[in-house]
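K.L.:
Sequence:
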Amino acid sequence: MGNNKLKKYKAAVIGCGKIGLVTEQDSKRIKPATHAGAFVSHPRTALAAVCDIDEKKLEISRSLFPDALTFNSPEEMFETVAPDIVSIATHLDSHRSLVELAARYGVKAIVCEKPIAPSIEDAHAMINVCERSGSMLFINHLRRFDPLLRRTAQEIRERKIGEISQASCYYTNGLMNSGTHLIDLLRMFFGECKSVRAVKNFKTSHPAGDVNLDGIMEFEDGVRVSFQSLEVKDYAIFDLYFYGSKGALHITRFGFEIEWLAVRNSIDFDGYKELNISQPQKEGDSRSFMAPMAEHVVACLDGKEIPLSRGEDGLKALEALIALKQSAELDGKKIKL
Numbered sequence: 019m020g021n022n023k024l025k026k027y028k029a030a031v032i033g034c035g036k037i038g039l040v041t042e043q044d045s046k047r048i049k050p051a052t053h054a055g056a057f058v059s060h061p062r063t064a065l066a067a068v069c070d071i072d073e074k075k076l077e078i079s080r081s082l083f084p085d086a087l088t089f090n091s092p093e094e095m096f097e098t099v100a101p102d103i104v105s106i107a108t109h110l111d112s113h114r115s116l117v118e119l120a121a122r123y124g125v126k127a128i129v130c131e132k133p134i135a136p137s138i139e140d141a142h143a144m145i146n147v148c149e150r151s152g153s154m155l156f157i158n159h160l161r162r163f164d165p166l167l168r169r170t171a172q173e174i175r176e177r178k179i180g181e182i183s184q185a186s187c188y189y190t191n192g193l194m195n196s197g198t199h200l201i202d203l204l205r206m207f208f209g210e211c212k213s214v215r216a217v218k219n220f221k222t223s224h225p226a227g228d229v230n231l232d233g234i235m236e237f238e239d240g241v242r243v244s245f246q247s248l249e250v251k252d253y254a255i256f257d258l259y260f261y262g263s264k265g266a267l268h269i270t271r272f273g274f275e276i277e278w279l280a281v282r283n284s285i286d287f288d289g290y291k292e293l294n295i296s297q298p299q300k301e302g303d304s305r306s307f308m309a310p311m312a313e314h315v316v317a318c319l320d321g322k323e324i325p326l327s328r329g330e331d332g333l334k335a336l337e338a339l340i341a342l343k344q345s346a347e348l349d350g351k352k353i354k355l
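Residue numbers (our numbering): 19 to 355.
Just so you know, these hints were derived from the structure itself, not from any lab.
Every residue, glycine too, gets a C-beta built ideally from N, C-alpha and C.
Distance condition first, Cα-Cα at most 25 Å in a straight line; then the derived PhoX-like pairs of lysine-lysine:
id: 1; residue 1: K212; residue 2: K334
id: 2; residue 1: K343; residue 2: K218
id: 3; residue 1: K300; residue 2: K178
id: 4; residue 1: K75; residue 2: K46
id: 5; residue 1: K334; residue 2: K352
id: 6; residue 1: K74; residue 2: K28
id: 7; residue 1: K251; residue 2: K221
id: 8; residue 1: K25; residue 2: K126
id: 9; residue 1: K352; residue 2: K218
id: 10; residue 1: K264; residue 2: K178
id: 11; residue 1: K46; residue 2: K300
id: 12; residue 1: K218; residue 2: K354
Label-pair distances were calculated between CB atoms; the ranges are:
id: 13; residue 1: S304; residue 2: D72; range: 21 to 31 Å
id: 14; residue 1: K74; residue 2: R282; range: 50 to 60 Å
id: 15; residue 1: R177; residue 2: E97; range: 51 to 61 Å
id: 16; residue 1: K352; residue 2: D239; range: 14 to 24 Å
From just these sequences and the hints, can you work out the full model?
P.N.:
So this is what it looks like as structure tokens:
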């Protein structure tokens, strides 16, 4: 065990785009802001290599992380470096083949960007190949790794604000791109999604091939959640509002800040109660969501923690995403999961 504590794990990144590497150049973001940055920053990991077919992105990597080897071929990278950890931060349609490749090379921890895959079949194949190889498959719904949000979810489950009666959420920039984070976070708070209804929002923009939907999701806790998409060109948003019998919880600024609101006697109407919006209990500030991901992966490799965001979790989120799209194609028909 002593030697295991001192082990430094070799990490590699396939896909040097925004979340893979390039966003590390964003001066406003708390670092680390990318997969590459996370493994450079963690004291127990070393960024051994990166891989991309775009030579310009590899040039950026050489500038930011000169100690990391650069490759155009993932096979050559695996054969040369033999990493303990690999992050797959590529386009959705390549997730399955790259996870299967990493598993064949015996990579111990595979961190795959969200959503897990374009289809249920692909997701199952990814999970199965990792089970056979003994690889741990993590899906990077990054808020799931955050200590504050994990604790907040536990407090909601322990009824800090009583029984949740309603929840509403707002997101921008695509169901598959941003909405998948929302669905995964709601699963962390309320358990499995049981049914969905959705309609298309034609007033808002989204990445090519994606869609913006508005609708309602029902969870196993009996909680009904409404969600709506807004125009990202106006402003970006990722907010969740939970209303319980004993108070409310607001999660704002993309998950950075939370506010607990207690109940008080109304200051305007006799015999009524209201939320005490003038005295919220605030927690959280700008921080890295990528650093806790790396910390968790290392802890799992050490045998100290069990994976929080597994391939199976990514599959559940994908099933909800696909059901929402099916409902929207059927003009809001209720789809059971």
